[in-house]
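*Asks:* Line order of the protein sequences matches chains A and B. Be aware that the first sequence starts at 463, since it is given in the working numbering, and climbs by one per residue. Be aware that the second sequence starts at 138, since it is given in the working numbering, and climbs by one per residue.
Treat the hints as calculated values from the structure; they're not laboratory data. Don't take each hint at face value.
Said to hold, decoys possible - Calculated lysine-lysine pairs in the DSS-like style (CA-CA distance at most 30 Å, straight line): (1) K562/A / K294/B; (2) K562/A / K195/B; (3) K848/A / K484/A; (4) K629/A / K142/B; (5) K340/B / K562/A; (6) K195/B / K620/A; (7) K162/B / K231/B; (8) K142/B / K406/B; (9) K142/B / K498/A; (10) K294/B / K278/B; (11) K252/B / K162/B; (12) K474/A / K294/B; (13) K515/A / K474/A.
Unchecked claim - Simulated DEER-style distance windows between Cβ atoms: (14) I358/B / N545/A: 37 to 43 Å; (15) N296/B / H709/A: 30 to 36 Å; (16) Q554/A / T408/B: 58 to 64 Å; (17) N468/A / I358/B: 25 to 31 Å; (18) E929/A / D327/B: 47 to 53 Å; (19) A233/B / N468/A: 31 to 37 Å; (20) I358/B / S487/A: 15 to 21 Å; (21) N292/B / H709/A: 47 to 53 Å; (22) E368/B / L481/A: 51 to 57 Å; (23) L356/B / N468/A: 44 to 50 Å; (24) N468/A / S295/B: 54 to 60 Å; (25) K366/B / E929/A: 25 to 31 Å.
Claimed, not checked - So, partial list: chain B residues that the calculated Cβ filter (under 10 Å) puts toward chain A: (26) P151; (27) R154; (28) V156; (29) K252; (30) Y254; (31) T268; (32) P330; (33) K338; (34) E347; (35) M351; (36) Y355; (37) K366; (38) K402; (39) K406.
Given the structure is predicted, the values throughout are model-derived calculations rather than measurements. By construction, the Cβ of each residue, glycine as well, lies at the ideal position given by its N, Cα and C atoms.
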Amino acid sequence: MANFYNDNKDLKFHLSHPLMKKIVSLKEKDFVDSAKFDYAPVDFEDAMDSYEKTLEIVGEICGDVIDPNAESVDKEGPQLINNEVVYARGTQQNHEVLTKAGLIGMSLPRMYDGLNFPMVPYVMAAELVSRADAGFANIWGLQDCAETMHEFASEELKAEFLPRFAKGATAAMVLTEPDAGSDLQAVQLKGKQISASYDKDTDTYFLNGVKRFITNGDADISLVLARSEEDTADARGLSLFVYDREHKAVKIRRIENKLGIKGSPTCEMVFTNAPAKLVGDRKMGLIKYVMSLMNSARLGIGAQSVGLGEAAYREAVKYAKERVQFGKAIIEFPAVYEMLRMMDVKNKAMRTLLYETARYVDVYKAYTFISEDRPLTAEERQESKKYQKVADVFTPLLKLVSSEYANSIAYDSLQIHGGAGFMKDFPIERIYRDARITSIYEGTSQLQVVAAIRGVSTGAYLSRIQEFDAEKVMPELEYLKKMLQDMTSEYQKMVDLVNEKKDPEYLDFHARRLVEMAGNIIMGYLLLQDTVRDEEFKITTELFIRNGRSENKQKADYIMNSEIKDLGIFKFQN
Amino acid sequence: MKALKIIVLAKQVPDTRNVGKDAMKADGTVNRAALAAIFNPEDLNALELALQLKDQVKGSSLTILTMGPGRAAEVIREGLYRGADHGILLTDRKFAGSDTLATSYALAQTIDKMKPYDVVFAGRQAIDGDTAQVGPQVAEKLNLPQITYAEEIVNVKSNEILIKRRLDRGVEVVSSSFPVLITVHSSAPDCRPRNAKLLMKYKHAKTVTEIQDMSEDYLDIFQNRSYLKIEEWSVNDIVVDEEALGLGGSPTKVKKIENVVFKAKESKKLTPLDEDIDMLMKELIENHTIG
């Protein structure tokens, strides 16, 4: 009877952001689909109402099916039987119910039986599913692959593969190899083009090699990164292929035994002359398509992290209210209530960053698809570029901050549970294990910093911060803005200080500190904007900014007192 | 085999599963304002079996029939979101105060008007009255064979349907010819979720009365999308003896409603030993608490 959408009013708040008007009108292109499809909206209000009602379905399924299944799924896990991955029974039920509810292929256009949802409601659904079961969220969330095919595959491939998602096809993105983790350029898997005489219309490639750590490795549809160009060793020799499980040319060698997200099968796959089709153009596999896939996957980890944080926080509140020590519920003790409040503040901060980033992605992606139908005007091109640029620097920041927050909230929630939390008796034990992967996969936190530091060095964060600062706030909120302005000038000083040294390694050394300083300011402004729309966010905003200010001061102090020669102190010596 | 015409009887009921302290009014009647109006749970099980039958027999159609006030149209929309094709709201002030006899009479006359049909599904009972009488009474009035306590459709053939029934001490598989009325038990599968596309398609579905009360925003979509009109039938649409309807046609009179508060009168302390547990089990089975 639980509904994970209706029981959290912050979701409706973020869904109803003013920018949605623009996003919906770009995505629905003047509502042309309403003449062709009986489920297409006729205007903005109708579209928003559809998003909300659909999220109510998601929320109900999360509360009534996925969350109650999470414990048994974690315990049972997937199994490898006769070279096939068999999901835990709860996983099967989750997938079946979501398929029946029409919630696979949510972002695909209607011509492929999708719902044509923008990223914002789709990401929100991902947050809900993650709160119910973060491991299952991976299996459900791999419908992202459909979006990548939609963006880059040929019309024939799209017509062949995309409508299968609405019928419940599962997907996998098959990138990692035993020797290539974050360094995807090292991918070897060979795709050799066979003679065109085999089939003149469809040139088929055959894949050979081993892939490792593949989430949902035995999926119906796999997007595989493989080396198509002989005698190459770098990113430009890699192409993206789509492999159909029907060919049965892949052996699943093993399912990994993991710390967390145990319901999500992580597979080692052996490709032996596996027939596959080229997605898009050759040599663009890594440099264009996988980069795009990774960006949406990172947004997905943002949603997963927010969902985990929400779940962990709710478990902590429930336990702290029930647990009595020294004659009162432990929620009455400052040590506990401060922890709880800051968990909630972090949740709200990462959530506002999540939906802000999703909106940027929505705007520029919508323009990308419009540009396939007609040339964009100069103004539209400029706007699309602007949003893409800011999405590119916000995505790694989101992934970094949210995954670290999810871990810290899960840690604190387990701490509030005390010894009981260390046992398998409460969900927090599973949530804690599940959260751990978020700061590792789809690029570790350390790699997110490498991507995000561009936002620092190009000034992209600063210029977005200045745009935020130009927006008006009520007089009674000015003091918060003043605090953020002070934090911004401190940040600028630190960026200058580090840049003055003109030493790349020194910049790398302080990169995370600088990125996190920018992150605190950005989330502070976003929460301030939320407060302008709804004053209930005021306390959260003030607490976040006060905490962020002291964190930034600590980082600034550290930077001011560090020299290039200090790096040597840290270097590993035998 | 030939397509089937399926009817599902559904009722909107107050949610009596989560009863708070203001669930009853001082006069002992249900405080409907304090309880959410929901799709009667076993009617959802009935809808699921009906949808499964529709999935099995290609080309079949499914109509939801509900009797109630105007707001009961919500039950029909909920059915459409899950895969029903049509809905009929039977509504008239003259039905007010109907007991199971008057209700089953009105429903039977409506179903008779919907001829030809093959299968009528209904939930075993509604959670507001818990009588389990309406389904069987409708079957009797229409002179239909009836299968009660259905749990599963075992098989369907061109002239026969096989149903597994859930009984107190086991299960039983029975068969019937068409047309047939089947009441469905809560042990049948849960109803499938609302489907996002169907929800978006049918969320504007309205009865004539609801359309009249609407703001003008979406009025034009009813012109192009005829499936959005939910049929609304009144006494005038069916052949009935009006004296057999509503309060006048209802011999059942509620004499008194008591608010029963369970209190432990005596308590026994049991040890976790086999003989004590055995004794407890026997006692629970004897007084029909379990088994």
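*Asks:* Does each hint hold? Answer for all of them.
*Replies:* A quick look at each hint next to the structure:
1. K562/A / K294/B: holds (26 Å)
2. K562/A / K195/B: holds (18 Å)
3. K848/A / K484/A: Status holds; Cα separation ~15 Å.
4. K629/A / K142/B: Cα-Cα ~26 Å, so holds.
5. K340/B / K562/A: Judged against 30 Å, a Cα distance of about 18 Å means the pair holds.
6. K195/B / K620/A: holds (29 Å)
7. K162/B / K231/B: holds (25 Å)
8. K142/B / K406/B: Answer violated: K142/B to K406/B is near 58 Å, above 30 Å.
9. K142/B / K498/A: Measuring from Cα to Cα gives roughly 28 Å; hence the hint holds.
10. K294/B / K278/B: Roughly 26 Å separates the two Cα atoms, so the pair holds.
11. K252/B / K162/B: At roughly 42 Å apart (the allowed maximum being 30 Å), K162/B and K252/B break the hint.
12. K474/A / K294/B: Violated. K474/A to K294/B sits at ~48 Å, over the 30 Å cutoff.
13. K515/A / K474/A: holds (11 Å)
14. I358/B / N545/A: 37 to 43 Å: Taking Cβ atoms as reference, I358/B and N545/A lie about 51 Å apart, which means the hint is violated.
15. N296/B / H709/A: 30 to 36 Å: Violated: the Cβ-Cβ distance is about 44 Å, outside 30 to 36 Å.
16. Q554/A / T408/B: 58 to 64 Å: Violated, since Q554/A and T408/B (Cβ atoms, about 42 Å apart) do not stay within the stated range.
17. N468/A / I358/B: 25 to 31 Å: holds (27 Å)
18. E929/A / D327/B: 47 to 53 Å: holds (49 Å)
19. A233/B / N468/A: 31 to 37 Å: With Cβ atoms ~33 Å apart, the hint holds.
20. I358/B / S487/A: 15 to 21 Å: Since the Cβ atoms of I358/B and S487/A sit about 19 Å apart, the hinted range of 15 to 21 Å holds.
21. N292/B / H709/A: 47 to 53 Å: violated (35 Å)
22. E368/B / L481/A: 51 to 57 Å: violated (41 Å)
23. L356/B / N468/A: 44 to 50 Å: violated (29 Å)
24. N468/A / S295/B: 54 to 60 Å: violated (45 Å)
25. K366/B / E929/A: 25 to 31 Å: Once the Cβ atoms are compared, 49 Å apart, the range 25 to 31 Å for E929/A and K366/B is violated.
26. P151: Result: violated, 15 Å to nearest chain A Cβ.
27. R154: With a minimum Cβ separation of about 8 Å from chain A (threshold 10 Å), the hint on R154/B holds.
28. V156: This hint is violated: V156/B lies away from chain A, its Cβ roughly 14 Å from the closest one there, beyond 10 Å.
29. K252: Violated: closest Cβ of chain A sits about 29 Å from K252/B, beyond 10 Å.
30. Y254: Since the shortest Cβ distance to chain A is 26 Å, the answer is violated.
31. T268: Check failed: Cβ of T268/B comes no nearer than 25 Å to chain A, outside 10 Å.
32. P330: For P330/B, the interface hint holds, since the closest Cβ of chain A sits about 4 Å away, which is under 10 Å.
33. K338: holds (4 Å)
34. E347: violated (16 Å)
35. M351: Where the cut-off is 10 Å and the nearest Cβ of chain A is about 14 Å from M351/B, the hint is violated.
36. Y355: Hint on Y355/B: holds, closest Cβ of chain A at ~7 Å, below 10 Å.
37. K366: violated (14 Å)
38. K402: It is violated, given that the least Cβ distance between K402/B and chain A is near 31 Å, above 10 Å.
39. K406: violated (26 Å)
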